[in-house]
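Student: Using the hints provided, position chains V, P and R relative to the given structure of chain F.
There are 4 protein chains.
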Amino acid sequence: MAIRTVVWGENIHEQTNKIVAEIYPEGMHTTIAKALNADTAISATTATLQEAEHGLPQLRLDETDVLLWWGHKDHGAVDNEIVERVAKRVWEGMGLIVLHSGHFSKIFKRLMGTPCALKWREAGERERLWVVNPGHPIAQGLGDNFVIEYEEMYGEHFSVPEPLETVFISWFQGGEVFRSGMTWRRGAGNIFYFRPGHETYPTYHQAPVHKVLQNAVKWAYNPMPTYKAVHDAPNVPVDKALEPITERGPRLHQAGEAGYR
Amino acid sequence: MAIRTVVWGENIHEQTNKIVAEIYPEGMHTTIAKALNADTAISATTATLQEAEHGLPQLRLDETDVLLWWGHKDHGAVDNEIVERVAKRVWEGMGLIVLHSGHFSKIFKRLMGTPCALKWREAGERERLWVVNPGHPIAQGLGDNFVIEYEEMYGEHFSVPEPLETVFISWFQGGEVFRSGMTWRRGAGNIFYFRPGHETYPTYHQAPVHKVLQNAVKWAYNPMPTYKAVHDAPNVPVDKALEPITERGPRLHQAGEAGYR
Amino acid sequence: MAIRTVVWGENIHEQTNKIVAEIYPEGMHTTIAKALNADTAISATTATLQEAEHGLPQLRLDETDVLLWWGHKDHGAVDNEIVERVAKRVWEGMGLIVLHSGHFSKIFKRLMGTPCALKWREAGERERLWVVNPGHPIAQGLGDNFVIEYEEMYGEHFSVPEPLETVFISWFQGGEVFRSGMTWRRGAGNIFYFRPGHETYPTYHQAPVHKVLQNAVKWAYNPMPTYKAVHDAPNVPVDKALEPITERGPRLHQAGEAGYR
Amino acid sequence: MAIRTVVWGENIHEQTNKIVAEIYPEGMHTTIAKALNADTAISATTATLQEAEHGLPQLRLDETDVLLWWGHKDHGAVDNEIVERVAKRVWEGMGLIVLHSGHFSKIFKRLMGTPCALKWREAGERERLWVVNPGHPIAQGLGDNFVIEYEEMYGEHFSVPEPLETVFISWFQGGEVFRSGMTWRRGAGNIFYFRPGHETYPTYHQAPVHKVLQNAVKWAYNPMPTYKAVHDAPNVPVDKALEPITERGPRLHQAGEAGYR
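Chains as they are written, first to last, in our numbering: chain F, 1 to 261; chain V, 1 to 261; chain P, 1 to 261; chain R, 1 to 261.
Just so you know, these hints were derived from the structure itself, not from any lab. Everything numeric in this text was worked out from a predicted model, so none of it was measured. Warning: the hint list may mix true and false statements.
One copy or two, either will do: identical chains are not told apart, so a pair holds if it fits within one copy or between any two.
[Stated by the list, open to error] DSS-like cross-link-like pairs, simulated, lysine-lysine; straight-line CA separation at most 30 Å: (1) K240 to K18; (2) K211 to K73; (3) K211 to K18; (4) K218 to K18; (5) K211 to K240; (6) K18 to K34; (7) K218 to K88; (8) K240 to K34; (9) K34 to K109; (10) K240 to K228; (11) K88 to K211; (12) K18 to K228; (13) K73 to K18; (14) K73 to K34; (15) K240 to K218; (16) K88 to K18.
If we strip away everything but chain F, and leave its shape as in the complex, we get:
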């Protein structure tokens, strides 16, 4: 069975900016989904901000293995309820791949617990991505570096938590560096951030970028059963203790009462 993947696109600049519309006439999300579908292990569809529930109703999320997220112009337009819904699915085991300007998306900031801020410059400069973790599955088939000739610069410090592993680091023509590929696990959900993808450049038409995204979907996919218990705070009654114990001292809660939240 192919990995059920949804590419979420904000889909604003494709509709309002002539340059972006020319590069991505079907929308960036569609271009990305096509690139993923070139890998038979992946079955990708799209969702956009403008759809009902931003295209992410609970039933659809429940049947999504990996979600990719691209947003930029209007992060604030994403409904908080949908953000919480996505966060819950990540904790339960859905993979999440956050792209480029998605660093400031509500869902990424929600899962990182930090500002996720960075330096930037929009000058169409050369970006070279170096593989710093060649054993990592997301680096498969990429050689030791690859170039994106025209890109926006993102520079450190990128205020995210120390990652589980750093996979890529970018060199920029103007003198900056950036940790361009990083992984985290939150609950049972694998999270990958991938830096490139400014909408005024044809980044998502390039082969190494396709390869990274295909690798990332396969890495982020967690085949284990949904981890619903991640939300639970179950009481273990004294008479169900694994080792026999006798209750001692005072207590706040009556037997069977739920804990405070």
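Tutor: Then chains V, P and R, alone, in the frame of chain F:
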């Protein structure tokens, strides 16, 4: 100069529950602050839920090096604006020590980005805390383990992000284990979670617990200047690039325009 | 294609100790290999200390995806050259699963760079392993804990480097805890340490232990091409620099000369 | 009391290469020690390869809080016994700062358990070091980046274990990047690798480099008592178990017998 420390207490059960009031007649926060003040390197005061702005106005937080947080009965009563204010100060470099049932506090969940859920049992059972990272400053002077004779059980899985380092692991009489001391860094802020401290037991009157908290305050203290830039997403103009580059290709933003958030 | 797995056994106590011989009449390595072969994704064979080159000639290692290592009585008898050979294969991408008393094996200490010491007690006591990372593939299908009724105790502090992820923590009847499942990556090689497996108890005949080992082999397997470059320190000549630069200042090395090692 | 620091220098090129001798007439180790002694919190002396026991007899190491290591031309000349002696002191709590070409020193490879290989180019090119962890004490007072105008290039992949934290990343004029400041803990010992410092350039005469090294010594210093138990594998007899247990089943060891190593 002593480390300016604030012990935040929810201060509800001390007022409403006879058992808790007897163990902590001045409130748990006061007992903890006294224990910290026994170390001359620390200067601790208290703040409570009931005070204006929960005792944490911006000016006070700006002059706080380390904040300890104990809450249980009414996490929901903490104002969201105060939570964001505290989170900002942590990213800027204020240390945060979260105690026991504070695992479900808004501020801890906000900074972890996960549910922070766990198993529990209120049976006054024996807890033994093992030092698993004897080189860590928070373990200083504790030997290889110490016992709290009467405690609430917390059991894994504790749904928090993989820590920077695991310092303590608890053994419980009823058969469970728990990662009782863990560290994270978020922005410039050092965060420590310490498990023991159920309000119906005299945990905060015990010497090894005092030692842990004193150690933790000293570890969490970041003497560096406030890291205000953690929130910023500055544009680096092309003519200010560190290496000379020439602008190429189209762009979204006008010179001097702020980025989207 | 099944994962080519080799189970290495020291095979001494099976030959010299009646109790061990009765529990593992074919040797512990054979019992483990059979358990692995029950999973069709795995193809396991065995190797022992007594064979030529300890059963690990270069050609065999080159065709091994994952190696399991059990040793106890005579770690010193393992040839240093074979240890280096195995270490090299791990860095190049071979998975390594170190079992129980293998914590003091030359290969584990070599790859960890630490003493790998711990407390112990041989009393046939109850061990309960808790899953602390339910999203991790090695925890698949195990529930939240499982019991080994008779085991040797290993207690913290276990002097290994902070792991990439802690998967299991053990509770012992006599009051200790231990991080019983931990992961590391070294070069392209995935490493997993799994605590249980004292030779005087039937641990490797138990279903949950089989499940852990099967999961671990699949997790440790790195399908990427052998990462030979992990050993290399290539010079990048000035005229092959990716960005044009001009040589400046003095240098130690002549063009084409190798670096010092 | 000042932090007792020893700067170890290989001291070969200073004696044999005219360029190096002119830049560092007293030896690189002396230049570095002087820079450290400019900070009153540090008391630095030197040791070299040519001295008896390479200047590192046990008694001196026992009174050393932090050791810095610079070597390049003849790593192989360092006695294996001294390497083990230093490793032991690191596990027991001595800090270690490894400089530049020390990446291939025996002691660094011993503690990392990996090849520690990298790309290189000797062209006097510009290196710019970016702070990626501004909350880290080693980054104190450095701004967001600093430049070393003439340096050797080191490029990824650098085959070391994933660090505890990445502090600096270097940008090179010729197109490469490198994780130039990384931390690890091994036992109770804090380890920091710092990239710059090729002997044909005046790197160790530069103010930001002095600042990094002073910060690093203070960070690496572990004031806790020597952690001798890191090497021990003590048996805990059944009658000394913290919780009462009864011995069951067979055992290998007689009471009081040491475990196998």
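Student: Does each hint hold? Answer for all of them.
Tutor: Evaluated hints:
| no. | hint | verdict |
| --- | --- | --- |
| 1 | K240 to K18 | between (65 Å within a copy, 28 Å between copies) |
| 2 | K211 to K73 | within (26 Å within a copy, 41 Å between copies) |
| 3 | K211 to K18 | within (28 Å within a copy, 50 Å between copies) |
| 4 | K218 to K18 | neither (34 Å within a copy, 48 Å between copies) |
| 5 | K211 to K240 | between (50 Å within a copy, 26 Å between copies) |
| 6 | K18 to K34 | within (22 Å within a copy, 61 Å between copies) |
| 7 | K218 to K88 | both (20 Å within a copy, 27 Å between copies) |
| 8 | K240 to K34 | neither (52 Å within a copy, 36 Å between copies) |
| 9 | K34 to K109 | within (27 Å within a copy, 37 Å between copies) |
| 10 | K240 to K228 | within (22 Å within a copy, 42 Å between copies) |
| 11 | K88 to K211 | both (28 Å within a copy, 28 Å between copies) |
| 12 | K18 to K228 | neither (44 Å within a copy, 37 Å between copies) |
| 13 | K73 to K18 | within (15 Å within a copy, 55 Å between copies) |
| 14 | K73 to K34 | within (23 Å within a copy, 51 Å between copies) |
| 15 | K240 to K218 | neither (40 Å within a copy, 34 Å between copies) |
| 16 | K88 to K18 | neither (37 Å within a copy, 38 Å between copies) |
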